[in-house]
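Based on the sequences and whatever the hints tell you, model everything.
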Amino acid sequence: MSVLIVWVMGAALLLINIMLRTRILRLEARLRELSNPQEQVAFLRQQAAKKNKTPAIKALRKQYPELSLIEANKMWQQV
140 MSVLIVWVMG AALLLINIML RTRILRLEAR LRELSNPQEQ VAFLRQQAAK
190 KNKTPAIKAL RKQYPELSLI EANKMWQQV
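Residue numbers (the numbering used here): 140 to 218.
Be aware that one or more of the hints could be misleading.
Claimed, not checked - Below, simulated EDC-like cross-link-like pairs (lysine to aspartate or glutamate); rule was C-alpha separation at most 20 Å, straight line:
no.	residue 1	residue 2
1	Lys213	Glu178
2	Lys192	Glu172
3	Lys189	Glu172
4	Lys189	Glu167
5	Lys192	Glu210
6	Lys190	Glu172
7	Lys189	Glu178
8	Lys197	Glu167
9	Lys192	Glu167
10	Lys192	Glu178
11	Lys190	Glu178
12	Lys197	Glu210
13	Lys213	Glu167
14	Lys213	Glu172
15	Lys197	Glu178
Said to hold, decoys possible - Across the chosen pairs, the derived CB separations fall in these ranges:
no.	residue 1	residue 2	range
16	Val142	Glu178	29 to 37 Å
17	Met140	Leu166	34 to 42 Å
18	Gln185	Ile209	20 to 28 Å
19	Val145	Asn175	22 to 30 Å
20	Arg160	Arg184	32 to 40 Å
21	Lys213	Leu159	25 to 33 Å
22	Met148	Pro194	29 to 37 Å
23	Lys213	Arg162	24 to 32 Å
24	Val142	Leu170	40 to 48 Å
25	Pro176	Gly149	36 to 44 Å
26	Asn156	Val180	34 to 42 Å
27	Leu153	Ala188	43 to 51 Å
The set of hints was computed from the structure by calculation and includes no laboratory data.
Given the structure is predicted, the values throughout are model-derived calculations rather than measurements.
Every residue, glycine too, gets a C-beta built ideally from N, C-alpha and C.
Here you go:
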């Protein structure tokens, strides 16, 4: 009986995890839709004038957390 309870609890937690992960992915996609790439590039240019690559990309990702490291690096290459 206790094995069944553990299995049901595990399945419920897995289902909750999947639902939350799906929600997070949808929210991240929506945030990317709302963000302005020109604004991000302008911010990165300001940072690039003051700092070298690594601190500038870190500042960009702190300001725009929806950006991945790959996206931020591509922006750096454009600047």
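Hints versus structure:
Our distance criterion of 20 Å between C-alpha atoms is met by Lys213 and Glu178, whose separation comes to about 15 Å. This hinted pair does not check out: Lys192 and Glu172 have alpha carbons roughly 26 Å apart, beyond 20 Å. The hinted pair formed by Lys189 and Glu172 fails the criterion: a straight-line CA distance of about 29 Å is larger than 20 Å. Restraint check: the Cα-Cα separation between Lys189 and Glu167 comes to about 29 Å, which exceeds 20 Å; the hinted pair is violated.
For the given pair, Lys192 sits about 14 Å from Glu210 by alpha-carbon distance, which is consistent with the 20 Å threshold. As the CA atoms of Lys190 and Glu172 are separated by approximately 28 Å, the hinted pair breaks the 20 Å bound. Taking the CA atoms of Lys189 and Glu178, the gap is about 17 Å. The hint holds against a cut of 20 Å. Proposed proximity of Lys197 and Glu167 is supported: the alpha carbons are some 19 Å apart, at most 20 Å.
For the suggested pair Lys192 and Glu167, the alpha carbons sit about 25 Å apart, so the restraint of at most 20 Å is broken. Distance check on the hinted pair: Lys192 and Glu178 sit about 18 Å apart at the alpha-carbon level, within 20 Å; holds. For the given pair, Lys190 sits about 18 Å from Glu178 by alpha-carbon distance, which is consistent with the 20 Å threshold. Restraint check: the Cα-Cα separation between Lys197 and Glu210 comes to about 12 Å, which is no more than 20 Å; the hinted pair holds.
Distance check on the hinted pair: Lys213 and Glu167 sit about 19 Å apart at the alpha-carbon level, within 20 Å; holds. Between Lys213 and Glu172 the alpha-carbon distance is near 18 Å, which keeps this suggested pair within the 20 Å criterion. Pair hint Lys197 plus Glu178 holds up; C-alpha atoms about 16 Å apart against a cutoff of 20 Å. For the pair Val142 and Glu178, the beta carbons lie near 55 Å from each other, so the given range of 29 to 37 Å is not met.
Between Met140 and Leu166 the beta carbons are some 39 Å apart, a value that agrees with the proposed interval 34 to 42 Å. The hint said 20 to 28 Å for the Cβ distance between Gln185 and Ile209, and at roughly 21 Å that hint holds. Range check, Val145 to Asn175: Cβ separation about 48 Å, and the 22 to 30 Å hint is violated. Taking the beta carbon of each, Arg160 and Arg184 are about 34 Å apart, inside 32 to 40 Å as hinted.
One distance hint, 25 to 33 Å for the beta-carbon pair Lys213 and Leu159, holds here, with the actual separation near 29 Å. Here the CB-CB span from Met148 to Pro194 is close to 45 Å, at odds with the stated 29 to 37 Å. At about 27 Å, the beta-carbon gap between Lys213 and Arg162 stays in the expected band of 24 to 32 Å. Checking the proposed 40 to 48 Å range against Val142 and Leu170 shows it holds: the Cβ atoms sit about 42 Å from each other.
Restraint check, Pro176 to Gly149: a C-beta distance of roughly 42 Å satisfies the suggested window 36 to 44 Å. Against the hinted window of 34 to 42 Å, the Cβ-Cβ separation of Asn156 and Val180 comes to about 36 Å, which satisfies the hint. The given range of 43 to 51 Å is respected by Leu153 and Ala188, whose C-beta atoms sit roughly 48 Å from each other.
Checked against the numbered hints given earlier, this structure breaks hints 2, 3, 4, 6, 9, 16, 19 and 22; the rest are met.
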